[in-house]
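Model the full assembly from the supplied sequences, consistent with the hints where possible.
Residues in the sequence shown are numbered consecutively from 22, following the numbering used here.
Please note that a few of the clues may not be correct.
Cβ-Cβ distance ranges computed for the label pairs, FRET-style [stated by the list, open to error]: (1) Lys-23 to Val-53: 41 to 47 Å; (2) Glu-58 to Leu-27: 30 to 36 Å; (3) Met-22 to Asp-59: 35 to 41 Å; (4) Leu-27 to Ile-57: 28 to 34 Å; (5) Ala-61 to Met-26: 49 to 55 Å; (6) Ile-57 to Met-26: 31 to 37 Å; (7) Ile-28 to Asp-49: 40 to 46 Å; (8) Met-22 to Ala-56: 32 to 38 Å; (9) Thr-60 to Phe-35: 54 to 60 Å; (10) Ser-52 to Lys-24: 41 to 47 Å; (11) Glu-44 to Lys-24: 27 to 33 Å; (12) Lys-24 to Asp-62: 35 to 41 Å; (13) Leu-31 to Thr-60: 28 to 34 Å.
Treat the hints as calculated values from the structure; they're not laboratory data.
Here a beta-carbon is modelled for each residue, glycine too, at the ideal position from N, C-alpha and C.
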Amino acid sequence: MKKLMLIFALSGGFVLTACNTVEGAGRDVQSVGNAIEDTAD
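Okay, here's the thing in structure tokens:
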């Protein structure tokens, strides 16, 4: 039972880390798009 709880806890940590990484990548892509749009104007 303890091993199962440990696996769930580690899995949850990886999921949260992945969400933060995807969110950061999305912000990077958005800032690049804004820079291109500003240059085009």
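Next on the checklist: Tell me the hint numbers this structure goes against, listed in increasing order.
Outcome noted: Violated hints: 2, 3, 4, 6, 7, 8, 9, 12, 13; rest satisfied.
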